[in-house]
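These protein sequence lines map, in sequence, to chains A and B.
Numbers 1451 to 1575, taken from the numbering used here, label the letters of the first sequence in order.
Numbers 1451 to 1575, taken from the numbering used here, label the letters of the second sequence in order.
Below, computed lysine to aspartate or glutamate pairings styled on EDC-like, alpha-carbon distance capped at 16 Å:
| # | chain 1 | residue 1 | chain 2 | residue 2 |
| --- | --- | --- | --- | --- |
| 1 | B | LYS1528 | A | ASP1532 |
| 2 | B | LYS1498 | B | ASP1465 |
| 3 | B | LYS1528 | A | GLU1543 |
| 4 | A | LYS1528 | B | GLU1543 |
| 5 | B | LYS1528 | B | ASP1457 |
| 6 | B | LYS1501 | B | ASP1465 |
| 7 | B | LYS1528 | A | ASP1542 |
| 8 | A | LYS1498 | A | ASP1465 |
| 9 | A | LYS1528 | B | ASP1542 |
| 10 | A | LYS1528 | B | ASP1532 |
| 11 | A | LYS1528 | A | ASP1457 |
| 12 | A | LYS1498 | A | GLU1484 |
| 13 | A | LYS1501 | A | ASP1465 |
Each pair of labels, with its calculated beta carbon distance range:
| # | chain 1 | residue 1 | chain 2 | residue 2 | range |
| --- | --- | --- | --- | --- | --- |
| 14 | B | ARG1539 | A | ARG1511 | 18 to 26 Å |
| 15 | B | ASP1514 | A | SER1544 | 18 to 26 Å |
| 16 | B | ALA1453 | A | LYS1498 | 16 to 24 Å |
Partner residues are not named here, just some residues of chain A that face chain B (Cβ under 8 Å, in silico):
| # | residue |
| --- | --- |
| 17 | ALA1453 |
| 18 | PHE1460 |
| 19 | ALA1461 |
| 20 | LEU1463 |
| 21 | ALA1464 |
| 22 | PRO1466 |
| 23 | LEU1522 |
| 24 | VAL1525 |
| 25 | LYS1528 |
| 26 | VAL1530 |
| 27 | VAL1534 |
| 28 | TYR1537 |
| 29 | ARG1538 |
| 30 | TRP1541 |
Source of the hints: derived by calculation from the structure; they are not laboratory data.
Glycine included, C-beta positions come from ideal geometry on N, C-alpha and C.
2 protein chains.
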Amino acid sequence: MSADQLDLTFAALADPTRRAILARLVGGPASVTELAAPFKMTLPAVSKHLKVLERAGLIGRGRDAQWRPCSLNAVPLKDVADWVGSYRRFWDESFNRLEEYLREVQAAPSQGADDEPDQSPTGAI
Amino acid sequence: MSADQLDLTFAALADPTRRAILARLVGGPASVTELAAPFKMTLPAVSKHLKVLERAGLIGRGRDAQWRPCSLNAVPLKDVADWVGSYRRFWDESFNRLEEYLREVQAAPSQGADDEPDQSPTGAI
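Chain A extracted, bound-state conformation:
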């Protein structure tokens, strides 16, 4: 995937309405009117979001001029997954450090209580 395509995909996903539209299309193709129903939005506003999704290749539109149902195209999301997946070890490291820190924090007072029962809690600090 070119950088431009990844730009389009990320930009299309940076909006809760557009992500909700994609989530709705998981259930199958839908017309603009059907997609607009859950949102307090005019049809033109929804159409604008659909155009952004279509330009990013995240939805396809039917050929029927009257209905033009929208359907999900998840293929560009694979490139998002591939891109973000290359950073997995870094967030894993962050969560591991946090886990380790929490283990240390939780272990500290009970160690103090078991090993040095005569010291005040502040003695462990």
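Guided by the hints, dock chain B onto chain A, whose structure is given.
Chain B in isolation, oriented as in the chain A frame:
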């Protein structure tokens, strides 16, 4: 992660310079001048990108007023991976269908040649 945070993350990632900055920070913390070096950009332009990344929580800045090195924070990317991962079966399906189609296309002429040697290629259509 809230929808707002996911909006900020996706919007921050929708730019090749910002993605390149994150890729650079994989190698360790860097100053604004160091980050600007590979780009034909002014320092203020790079600073603007850093502000977007910082607001999305994708980078941290050092406290040193002189240097303020930037470092990668990959934690928000986990939520991107989680979000996009929920669509995996849809792009898998698309690629499986494509694979199946290509298998059929490749199998068709040789089947025709083996099984019906007397028919013209158009006979199989």
